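All chains, full assembly: derive it from the sequences and hints.
Numbering (the numbering used here), first residue to last: 0 to 299.
These aren't lab readings, by the way, just hints derived from the structure by calculation. For clarity, every value in this text was computed on a predicted model and none was experimentally measured. It is possible that some hints are incorrect.
As the list claims (entries may be wrong) - Here are the computed lysine to aspartate or glutamate pairs in the DMTMM-like style, where the Cα-Cα straight-line distance is at most 20 Å: (1) K188 x E173; (2) K121 x E27; (3) K111 x D124; (4) K191 x D157; (5) K81 x E69; (6) K194 x D11; (7) K191 x D11; (8) K106 x D131; (9) K81 x D132; (10) K24 x E69; (11) K106 x D11; (12) K111 x D132; (13) K160 x D195.
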Amino acid sequence: MVIVTDENENFDFTGIFPSCLQDYKSAESSVGYDLIKRPFRNMCILIETYFRTKVFGFSMACEILSHYLENINNLLVQEYKKRNCKYFNYKLKEELSHYKLSCIREKDCYTKMISIIFGNTKMSDVCQIHIDDLDDAIFSNFQNLNWLYTYQEKLQEDMDKCPSSNEYIKRFIEISNLCPEGNNSSFCKEVKKFKDEYMKGAKYENACSVVPKILYKSDKRDIRMVILIVSILTFTVLIIIFVIYKYTPYGSYVKPRILKLKKIWNNKNKEQSILMNSFEETYKNITDENYLISYKSLDY
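Structure representation (structure tokens):
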């Protein structure tokens with residue numbers, strides 16, 4: 000989904016990407032299959048039951064979010080905490096939308112989640128003062144930036160490809176086009192930062208379409224020229240042969256040889272006809288003999 004509106008230009012994305020994405024991935028990798036190393040598992044199962052999710056699997060997403068909050072809580076710099084809480088806000092909205100919880104808004108859901116306790120385990124409230132209900136436009140901007148940094152390596156690999164032939168470059172161009180020249184919103188500054196740092200050599204459709212058009216025009220022109228030259232040469236050769244044969248002394252030299260070639264050709268055809276007749280006669284005799292032998296063997 001690609002959306003951007005003027006009313007959300009004041010949202011500050013500074014410093015969120017790529018560091019917060021990397022921090023979240025670190026929390027994601029810490030949730031393994033060893034149940035002993037999953038302290039939030041039972042608490043998240045309880046949260047999943049409480050919210051009556053319509054899609055199975057929210058407890059795992061809850062564990063990742065809980066680990067991420069613990070990592071945020073361990074940060075020493077408040078500004079880093081704030082940036083990561085913004086990213087947590089985005090990921091929470093994403094999970095609420097995907098798993099269709101009974102609560103809808105991030106602030107309300109987060110408040111209820113941190114109130115649920117299993118034994119001594121509860122979700123950290125470190126982001127409570129930073130959580131807000133993100134509207135669709137800001138959420139879409141988050142998705143776009145998250146996509147860029149998630150597929151950064153793939154985009155760099157495919158940088159020399161044209162948008163029309165590559166889905167990754169096509170999506171990159173779509174996101175880039177959300178920020179026309181002169182747009183200084185925080186989102187557009189982040190898009191520009193990504194382009195300057197990773198995608199300086201990327202191809203745009205207008206640059207890609209110039210060469211094929213030139214080649215297409217050149218090919219059409221070359222084909223017409225070849226056809227014209229071949230036609231002229233063929234006609235010229237025929238005229239020369241006709242003139243030589245009809246109006247020059249060489250005609251008397253050429254004519255006997257043409258007749259000789261025709262005679263040889265006729266003889267070849269005649270020999271071939273005789274050979275075919277001979278083959279057919281031989282085949283018929285062999286067939287008759289085989290039939291006769293078969294018939295006699297039946298009599299016995």
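Here is what the structure says about each hint:
With a C-alpha separation of about 16 Å, the suggested pairing of K188 with E173 holds against the 20 Å cut-off. This hinted pair checks out: K121 and E27 have alpha carbons roughly 18 Å apart, not beyond 20 Å. Pair hint K111 plus D124 holds up; C-alpha atoms about 11 Å apart against a cutoff of 20 Å. At most 20 Å may separate the alpha-carbon atoms for a hinted pair to count; K191 and D157 meet this at roughly 19 Å.
Between K81 and E69 the alpha-carbon distance is near 14 Å, which keeps this suggested pair within the 20 Å criterion. Proximity of K194 to D11 is assessed by CA-CA distance (about 18 Å); at most 20 Å being required, the pair is judged to hold. Taking the CA atoms of K191 and D11, the gap is near 15 Å; set against the 20 Å cutoff, the hint holds. Pair hint K106 plus D131 holds up; C-alpha atoms about 6 Å apart against a cutoff of 20 Å.
Distance check on the hinted pair: K81 and D132 sit about 15 Å apart at the alpha-carbon level, within 20 Å; holds. A distance of roughly 14 Å separates the Cα atoms of K24 and E69; the hinted pair therefore holds under the 20 Å criterion. In summary, the hint linking K106 to D11 is supported, as the alpha carbons are separated by about 19 Å, within the 20 Å threshold. Taking the CA atoms of K111 and D132, the gap is near 14 Å; set against the 20 Å cutoff, the hint holds.
With a C-alpha separation of about 18 Å, the suggested pairing of K160 with D195 holds against the 20 Å cut-off.
Hint compliance for this structure: every hint is met.
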